[in-house]
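Engineer: Chain by chain, the residues:
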Amino acid sequence: MPDLTIAVVYPELLGLYADRGNATALRHRAHAHGLEVDVLDIAADDPVPESADIYLLGGAEDASMLVALERLRASPALGRAVDGGAVVLAVCAGFQLVSRSFAAQDGRRVEGLGLLDATSRHLSARAVGEIVVDSPLVGELQGFENHLGDASIGPGVVSLGRVVRGVGNGHDGVEGAVCGRVLGTYLHGPVVARNPALADHLLSEATGTRLPPVEDLVIERLRAERREALLDAGPTHWLARLRRRRR
Amino acid sequence: MSASSFRFQAALALARLAAWLSRTLLHGSGNVIGGAVLERLALRDVTGKAHRHRITIVSGTNGKSTTTAMIAAALSTATPVTTNADGANTPHGLLWTVATARTDEVVLEVDEAWVPWAVGALQPHTAALLNLTRDQLHRKPEILPLAASWRRAMASVERVVAAADDPAVTWAAETGRQVEYVGAGTAWHHDAAVCPRCGDLLRHPADDWACRCGFVRPATPVAVDRSGRLLVGARAFEPHLTLPGEANLANLAIAVATTRDRVSPEVAVAQIAATVHEVAGRYRDVDLGDQHVRLLLAKNPAGWQAALGMLREGAATVLAMSADGIDGRDTSWLYDVDVERLRGRPLAVTGSRATDMVVRLHLDDIETAISVPTARDCLRALPPGDVDVVATYSSFQAVRRELHVA
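Protein chains in written order, with my numbering: chain Z, -3 to 243; chain X, 185 to 590.
Don't take each hint at face value.
As the list claims (entries may be wrong) - If the Cβ cut is set under 8 Å, some of the chain X residues that face chain Z in the computed set are:
no. : residue
1   : R318
2   : L321
3   : I327
4   : L328
5   : V378
6   : G383
7   : D384
8   : S516
9   : Y519
10  : D520
11  : T539
12  : D540
What the hints assert, rightly or not - Using C-beta positions, here's what the derived DEER-type ranges look like:
no. : chain 1 : residue 1 : chain 2 : residue 2 : range
13  : Z       : V210      : X       : R496      : 30 to 40 Å
14  : Z       : A220      : X       : H461      : 40 to 50 Å
15  : X       : D522      : Z       : S47       : 21 to 31 Å
16  : X       : A390      : Z       : G152      : 42 to 52 Å
17  : X       : A262      : Z       : S97       : 32 to 42 Å
Note that these hints are calculated values from the structure, not bench results. The beta-carbon is built from N, C-alpha and C at its ideal position, and this holds for glycine as well.
Produce the entire structure from the sequences given, and follow the hints as far as they go.
Structural biologist: Have a look at this one:
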């Protein structure tokens, strides 16, 4: 009997940016904490279970995202799971899907699942590059963003943190959105693989216990390397931020 | 000499000078700078010259260079051929190749994002379309819009040969004036979830694909069967390729289909088997001391899946990982690679993003990889015998230079 069940929602539709790796990373981190985990890949033709502890929704291109949305809208399972206390990590297209509304590629407004009080429209230019976020929730977040979405979060929602390098939500210098146990972000990496503290946060929320930090020297080495590489990049990334303005 | 011809000759002379300087001072190939000079000074002359050649373009995420080499090999049995087999596959390199081509027949590898440009500027007679899978997502963030751009371009191409097992490629090819589909097979299905025609979920029953809207896998007069034979109509051929893996059988099938209007399949298969053993260092075997090293280039998840399927029994493995130049800048793609085939092998990792690879393996509990600065260090750390090197593009070039492999 596993301690936790992780449901990867429609990986064939919401997996273009390798966010399935968030499940790989969560499983690894769970083992480090002595937890047994079941990872279920929920294919687009399968019913979404209501009983998973953590749901992962990944990034996608426009056409795949809309097919996923249509299927998710047709089932109350994800909403019920959230009402029952499940954790949701929604990345990029996933973030848009769980929001109240977003802009499709052709610019039309599409209603999302409404699990997170956020809306998004288009940035004037695609945000692509390494991103660093200073998060009060989980410390320094590192990742890679690749999106056209410019997210605005509602009053009951907090951001994941302040953007130190990169674009993030697109204005106000913040990234992501957190409301209860639903977390949206534009960070790939995959974001959980690059940020063990985020893994710990999600696992803690799912188990209801505060998990003690566990050192992972392999990942810390990568984090140190990327930190050094990004700091050495000099002022060019600041210029890129200044250049990216919403119309 | 007409004014335009004089202009072209003058521009070409200047371009050749630039190319020579690039080769001499910068150790570049010179093609790209040469093409840049021509684009500035004589673009219309070069595109005018293109129309006097019979041009075949080859494109796809993986297999372009190999398939281009195969097509050129097959056609060379009938006529002299010019090709850009060194991989200068974006406009400057393409312009240079066309401007300096002395043969009627020209076969060009073209970067997927530049297919519309190539069709418009160079007016190829034939296009060979291989596959469209996730790759360099920082530059090509979506696949279906790329397929749509191909589809618009193919309406201007006389003959299109396309892989039937890739729905996006099949859809893109439909607008060609004459279209021939090839059953080359594919081991990578992860970018074929949505019907490019209607946007619904595609069905994938047993190696086939179909949509409720009526968009289905087309018939394939040329195909690879389950035992690896090449089928052309009612005839079957043993390929006898030295290049390993199913992906290269797929490339062969496309090459034979593309050239069969001029070269018989038996001649094409024999020539390709006899002459295509490596492509710009890919698949190159080299003995270094007591190690038999094979170089494999893999740039994206589909390519890595194919490369890991080619690892030799009992071979140690070098993984060379980078995110520079034309590599994918977002290393997340590593998590779309099934690393199970690496478990239990002696492993050494190198490259500018070696640590990303080590973390990837670590998260699948493969902890045996040694991370070292150079390819030579990797070889020193590994046992004698067979060593397979799997490298991303920039790392691949670095390994070739380091090991002095041409």
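Engineer: Taking the hints in turn, state whether each one holds.
Structural biologist: Okay, the hints, checked on the actual structure:
A least Cβ separation of about 6 Å between X:R318 and chain Z falls short of the 8 Å threshold, and the interface hint therefore holds. Hint status for X:L321: holds, given a least beta-carbon distance of 6 Å to chain Z, under 8 Å. Annotation: X:I327 was flagged as interfacial toward chain Z, and the flag holds, the nearest CB pair being 6 Å apart, inside 8 Å. Checking X:L328 against chain Z by beta carbon gives a least distance of about 5 Å; that is within 8 Å, so the hint holds.
The beta carbon of X:V378 comes within 5 Å of a beta carbon in chain Z, closer than 8 Å, and the hint placing it at the interface holds. With 8 Å as the threshold, the beta carbon of X:G383 comes within range of chain Z, its nearest partner Cβ sitting at about 5 Å, so the hint holds. Satisfaction of the interface hint for X:D384 is found here, the shortest Cβ-Cβ separation to chain Z being roughly 7 Å, below the 8 Å cut-off. Of the supplied interface hints, the one on X:S516 holds, with its beta-carbon coming within about 4 Å of a beta-carbon of chain Z, less than 8 Å.
Satisfaction of the interface hint for X:Y519 is found here, the shortest Cβ-Cβ separation to chain Z being roughly 3 Å, below the 8 Å cut-off. Satisfaction of the interface hint for X:D520 is found here, the shortest Cβ-Cβ separation to chain Z being roughly 4 Å, below the 8 Å cut-off. Checking X:T539 against chain Z by beta carbon gives a least distance of about 5 Å; that is within 8 Å, so the hint holds. Using the Cβ-Cβ criterion of 8 Å, the hint placing X:D540 at the interface with chain Z is satisfied: the shortest such distance is roughly 6 Å.
Hint check: Z:V210 to X:R496, Cβ distance near 37 Å, so the stated range 30 to 40 Å holds. Between Z:A220 and X:H461, the C-beta spacing of about 43 Å keeps the proposed range 40 to 50 Å intact. Between X:D522 and Z:S47 the beta carbon distance is about 28 Å. The supplied range of 21 to 31 Å therefore holds. Taken as a hint, the range 42 to 52 Å holds for the pair X:A390 and Z:G152, whose Cβ atoms sit roughly 49 Å apart.
Separated by about 59 Å at the C-beta atoms, X:A262 and Z:S97 break the suggested range of 32 to 42 Å.
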